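Engineer: Throughout the sequence shown, residue numbering follows UniProt numbering, covering 1 to 84 in sequence.
No lab work stands behind these hints, which were simulated from the structure alone.
Check the hints yourself; a few may be wrong.
With a cut-off of at most 30 Å between alpha-carbon atoms, the simulated DSBU-like pairs for lysine-lysine come out as follows [what the hints assert, rightly or not]: (1) K58 - K76; (2) K28 - K2; (3) K51 - K14; (4) K14 - K2; (5) K51 - K64; (6) K51 - K39; (7) K51 - K76; (8) K64 - K76; (9) K58 - K34.
If you're wondering where the values come from, they're calculated on a predicted model, not measured in any experiment.
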Amino acid sequence: MKAYIEERAVEAAKFIINSNATVRETAKKFGISKSTVHKDVTERLERINPKLASEARKVLELNKAERHLRGGLATKEKYSTILK
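All chains, please: the whole structure from these sequences, using the hints.
Structural biologist: In structure tokens:
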């Protein structure tokens with residue numbers, strides 16, 4: 001694996017852990033696709049730094065579990081501003 005890919009995977013994981021960021025937020029920050037972020041954190045990072053990969057995966061799993069709540073809040077906010 002090329003060094004810049006390894007470095008990107010580690011930096012993305014650190015960003016996710018430190019800011020509880022979603023895959024989408026991480027992709028936007030690093031200028032890469034969501035699928036690249038996911039592959040970096042779940043597959044590539046596992047070979048580079050398993051401990052860091054485990055921590056990042058916990059944050060991503062929490063975000064996945066909460067995403068339906070965030071979506072509902074966003075919809076509520078959208079319609080509350082339209083109806084006013």
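Engineer: So which hints don't hold here, by number, going up?
Structural biologist: 7
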